[in-house]
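Protein chains: 4
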Amino acid sequence: MIRIGIIGCGRIGQVHANSLQGIENASLVAVADASSEAAHACARRFGVTVRDVSDVLSAKDIDAVVIATSTATHFDMIHGAASARKAIFCEKPIDLSSDRVRLCIKAIEEAGVPFMTAFNQRFDPHFGALRQGVVDGEIGDVETISITSRDPAPPPLSYVKGSGGLFRDMMIHDLDMARFILGEEPTTVYAAGSNLIDPAIREAGDVDTAAVILTTGSGRICQITNSRRTTYGYDKRLEVHGSKGMLRVSNVLENLVESASSTGFKTPRAQPFFLERFGAAYLAEMKHFVDAISSGKKPKPDAQDGLRAQLIADAATRSWQESRPIQINA
Amino acid sequence: MIRIGIIGCGRIGQVHANSLQGIENASLVAVADASSEAAHACARRFGVTVRDVSDVLSAKDIDAVVIATSTATHFDMIHGAASARKAIFCEKPIDLSSDRVRLCIKAIEEAGVPFMTAFNQRFDPHFGALRQGVVDGEIGDVETISITSRDPAPPPLSYVKGSGGLFRDMMIHDLDMARFILGEEPTTVYAAGSNLIDPAIREAGDVDTAAVILTTGSGRICQITNSRRTTYGYDKRLEVHGSKGMLRVSNVLENLVESASSTGFKTPRAQPFFLERFGAAYLAEMKHFVDAISSGKKPKPDAQDGLRAQLIADAATRSWQESRPIQINA
Amino acid sequence: MIRIGIIGCGRIGQVHANSLQGIENASLVAVADASSEAAHACARRFGVTVRDVSDVLSAKDIDAVVIATSTATHFDMIHGAASARKAIFCEKPIDLSSDRVRLCIKAIEEAGVPFMTAFNQRFDPHFGALRQGVVDGEIGDVETISITSRDPAPPPLSYVKGSGGLFRDMMIHDLDMARFILGEEPTTVYAAGSNLIDPAIREAGDVDTAAVILTTGSGRICQITNSRRTTYGYDKRLEVHGSKGMLRVSNVLENLVESASSTGFKTPRAQPFFLERFGAAYLAEMKHFVDAISSGKKPKPDAQDGLRAQLIADAATRSWQESRPIQINA
Amino acid sequence: MIRIGIIGCGRIGQVHANSLQGIENASLVAVADASSEAAHACARRFGVTVRDVSDVLSAKDIDAVVIATSTATHFDMIHGAASARKAIFCEKPIDLSSDRVRLCIKAIEEAGVPFMTAFNQRFDPHFGALRQGVVDGEIGDVETISITSRDPAPPPLSYVKGSGGLFRDMMIHDLDMARFILGEEPTTVYAAGSNLIDPAIREAGDVDTAAVILTTGSGRICQITNSRRTTYGYDKRLEVHGSKGMLRVSNVLENLVESASSTGFKTPRAQPFFLERFGAAYLAEMKHFVDAISSGKKPKPDAQDGLRAQLIADAATRSWQESRPIQINA
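Residue numbers (the numbering used here), protein chains in the order written: chain A, 1237 to 1566; chain B, 1237 to 1566; chain C, 1237 to 1566; chain D, 1237 to 1566.
The hints are simulated quantities; they were obtained by calculation from the structure and are not laboratory data.
Careful: at least some of the hints might be erroneous.
It does not matter which identical chain is meant; a pair holds if it fits inside one copy or across any two.
[Stated by the list, open to error] The calculated SDA-like cross-link candidates involving lysine to any residue, where the alpha carbons are at most 25 Å apart (straight line), are:
hint, residue 1, residue 2
1, K1536, N1491
2, K1342, R1281
3, K1502, A1389
4, K1502, N1491
5, K1502, P1388
6, K1502, L1393
7, K1536, L1492
8, K1502, E1374
9, K1296, D1372
10, K1296, A1528
11, K1523, E1260
12, K1502, D1387
13, K1536, G1515
14, K1480, L1492
15, K1502, G1369
16, K1534, P1390
17, K1534, S1382
18, K1480, T1452
19, K1480, R1513
20, K1502, V1370
21, K1480, I1433
22, K1523, G1258
23, K1397, A1308
24, K1328, G1455
Sequences are here, hints too, so could you generate the full structure?
And the structure:
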């Protein structure tokens, strides 16, 4: 039984708490949050106790911590948890500065604690089955990938300002999926970005629409398109081409009812957003974390995966800013 | 080069004339119609001469006749063409009376002329590919069939009155397809019929909505559903199940544009009606007729196929009238 | 908080126990089973106590019982639970004899206890959304329904022999869905049945392939096709046509990965069987039961729904046996 | 009646000859080809006479010429036809050198003759309906476009060497479609190219796999992906996103037969290649040309469209060669 403390009781912290309820070899022991109110609401909902962050980090009866606080606090949380020898599950991104991410990795490695970066989309059953098909050689050698991510609406402007920008905040999931599927590290990135939805996003120094081309050493090519706007639900698709064929995952719709009328045939919208679309993925990633710790294996994706996705996001940001392709530092 | 005369210059006669333009080893020589106006309009459109029906039937420079007149006249046309030793392509149904169909068959056989009944749906590329899959054993032994035919709107009441009823007029195509796919003759039919669309159809002694179950000697089952109403175009589907799997053909849509908006995902309506849906089938059936004559083979479906479909339609009509399953006479 | 005891710890009893874990206003108190081993295994899995059936029925700390035992025992269980004034959730069918079902209904009504028949498919989110569309008038007046149910394989022969036959065991779900969607009671049924899969099923007096036509007083028509064989997963579809259009639910696939190769485009099989396909429905029906009791409302579908579906199944069975349409007793 | 001469009797010249047979207000008068054999074979097939190229260009009984010869000869053909005051339908590309294209435009404008560049994909009924939806405002303001073109196999190496490269030969169709849908001229292009299929293509100085990002002045973004390999037929898709929604066209399959078996659900491959996929488009573009001349309107796409697509292709080629985004010259 892995005993777990959650630090950060916001939306995503509660998602993880809920996941833990469905995992037999894990138990949620305590939650912590800078807001006492949030912590107590969460504790009541899941029938656990509230503790201070420092108490969670140092508690003898806690084996692993889930870090679901705001990005700026991750650095300290990770260092605290690492020195207390806790296994660590950390929300992405680890930190907006890749230098600081490297410091986190150093601390983790020195402490020798398991660490998992929460790229939950790897655990989606649909994307997982697609990736298994690639690994099994169903499509031969990978040649090109196309990833589409379109959010239903931009996040609040306050969030945009602290997010590190679309490439680090939103596209980072796609960059991780690209690495997950490509079978090779991307070496060059070119990014185009636009403001087509809200001028305030431009004023905040960010884009709301973007396209990226990644290339690898052997010439594999990945295209990604992102937008902060759809009218038809959360648009999340992945298509991979290889020498023998193609695999793709399309949108998950709200339900399977098809209708026909004088205007044609209709199906419902896609799932509203990531919480609905990736419900099963959130559960599966937490199961993976718990199972890895239980069996003494390293969880995956790890801190290096977190760092590498971030380095690509950094390069994409710079490519957009400087209007030229950027080499990605390994 | 097969030299052809068309008798009957209505909508379907013109379809066949048009088909003949695209067939290299056939030439349309003349057209005939009880209406001189219709005949001349058709002749002008296709650049051929108008002749009297009797002249077409007896002409030395005509090898084959296409009978596209009203059903009541088929009997005389067939007898005339048979005695003049013409190959015959005849619109379905051969006659509303199965006894008179048998007399036509006798005349055809005595004359030894090729005869084809125009069940064009057998020549649809989609249904044809499905049937080929069945013949090739892709789904093992046939077990059940489901056929859906829904017209966009009822025909004019005057047409209904002379049509022989929905089972003989509309469902007969599905009954022929059932025979085409089943691989066995149906032995029993049960028919349910309703008036849900237009009370005038009931007053004319017919139904506008119907369902039928056919069973064969070995226990294969075919379900057919017919309606004289859809709002979304011509609904024409066929699904066949066997011991190893399933084959089906869904609707052909007006085009392949899919749209997404705040109300979900949309595709266009199905093709408006049979002329659009079966455009390729009309051409292919005429090609088959011409090729069969050219090569001295018997065209198929033949007069026996016409008779057998009609006997099932007769039995279905009686089943509906008497509210009981009816054995089909072989 | 509704306190619940489950009687019957087989597969379906465990499904309900699992559902209760996810329902906040319910708690599973105890389980019972004729097999002590089964009861204790189930109790361990869900962390509850084992009691005797009679103890569950009479317990003061239990508000409602879930009857998930074999059909033959339902009669006594229902009478026991009714006299103990428990709310009752009973698996379908209530009893294979409609006379005995009527006696159960009498007992339930005299006791004045809530009773729910477990037609779980009504609670499937896809079928539920379809039905809501019908109720909301999206397709106008209902005209025809087509229901397809194909199991991946026949049940064990021992099960077949005690099942009451395909119409009462398998098609009864479709008959309930037909009533749920039709908006009118069926008045006539015609059934065709065949043995195409396993001759042993015929020897056991049952069919493995069947088709049914239901008609209502106003002329609405419902077609149902059942088979005990598919190779591509559990085939469960429903399509309803109305004066304004059509609504349908197709199969739920194992995942959304589409592949393309030299043989064409491919998607995975349908969900393996009903436990996977109706996972969400099992949870939703139990929630409905608990919520209904909590709020003092009558749960639905009720015992009358159980009876009526059974009367149609009885009539279908007789129609198949006597090869004629049968009037359904109200 | 527009009297037409075709110069170039290869595959595409024959496609146009065939189209002309189905156009009522046009007649094919003569064909010409450097190969006398090819010319006579074509003339026999379509029942017309063979003439010398110069005779076709100067003939009094010819109103318009279709130039379907190899690209290198277009320049002279266009100048010859323009000075003879013929309407001109010219295969793409007009010339591999944009300077020479400009000279052709000068000659056309001075002669005042109608000129059409054969971007047939604009006339595909599916893409046409999609574009109409964009023009009608169905998706609001265009934001992003994604175009996928994957050929079933690379062309012969000899063809590759004279083709001007993938961007000018293959992607030029997509670049024209991008212009057709974007509603704005692209101003910047970034191209990535790889050799993943055949090293001989690399040795010939070309790529077989490519991705491009186009951006417009207002920030609209278009992604294009090209490959010279698919195993599942000709892959040709277009998706456009706007402020209100999305429109897309997927692949046209060989037929609509869907099958299901123990390996899941299957549909056939996409149409083999462009001749099948764009059969209707070839007819429609020729109809448009004939109708435009008949009614005195300018056909569209015109020589400027040909030039602009080529300038983007030139810039894409340079972007790939120099690994940097390139401004497109207007």
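Here's how the hints hold up against the structure:
no.: 1; hint: K1536 <-> N1491; verdict: between (32 Å within a copy, 23 Å between copies)
no.: 2; hint: K1342 <-> R1281; verdict: neither (36 Å within a copy, 42 Å between copies)
no.: 3; hint: K1502 <-> A1389; verdict: both (23 Å within a copy, 21 Å between copies)
no.: 4; hint: K1502 <-> N1491; verdict: both (12 Å within a copy, 14 Å between copies)
no.: 5; hint: K1502 <-> P1388; verdict: both (20 Å within a copy, 18 Å between copies)
no.: 6; hint: K1502 <-> L1393; verdict: neither (34 Å within a copy, 33 Å between copies)
no.: 7; hint: K1536 <-> L1492; verdict: between (33 Å within a copy, 24 Å between copies)
no.: 8; hint: K1502 <-> E1374; verdict: between (32 Å within a copy, 12 Å between copies)
no.: 9; hint: K1296 <-> D1372; verdict: neither (43 Å within a copy, 57 Å between copies)
no.: 10; hint: K1296 <-> A1528; verdict: within (20 Å within a copy, 45 Å between copies)
no.: 11; hint: K1523 <-> E1260; verdict: both (9 Å within a copy, 23 Å between copies)
no.: 12; hint: K1502 <-> D1387; verdict: both (22 Å within a copy, 20 Å between copies)
no.: 13; hint: K1536 <-> G1515; verdict: within (19 Å within a copy, 29 Å between copies)
no.: 14; hint: K1480 <-> L1492; verdict: between (31 Å within a copy, 20 Å between copies)
no.: 15; hint: K1502 <-> G1369; verdict: between (30 Å within a copy, 13 Å between copies)
no.: 16; hint: K1534 <-> P1390; verdict: neither (35 Å within a copy, 44 Å between copies)
no.: 17; hint: K1534 <-> S1382; verdict: neither (30 Å within a copy, 39 Å between copies)
no.: 18; hint: K1480 <-> T1452; verdict: within (20 Å within a copy, 35 Å between copies)
no.: 19; hint: K1480 <-> R1513; verdict: between (29 Å within a copy, 22 Å between copies)
no.: 20; hint: K1502 <-> V1370; verdict: between (32 Å within a copy, 15 Å between copies)
no.: 21; hint: K1480 <-> I1433; verdict: between (39 Å within a copy, 11 Å between copies)
no.: 22; hint: K1523 <-> G1258; verdict: both (9 Å within a copy, 18 Å between copies)
no.: 23; hint: K1397 <-> A1308; verdict: within (13 Å within a copy, 55 Å between copies)
no.: 24; hint: K1328 <-> G1455; verdict: neither (28 Å within a copy, 29 Å between copies)
Checked against the numbered hints given earlier, the structure breaks hints 2, 6, 9, 16, 17 and 24 and satisfies all the rest.
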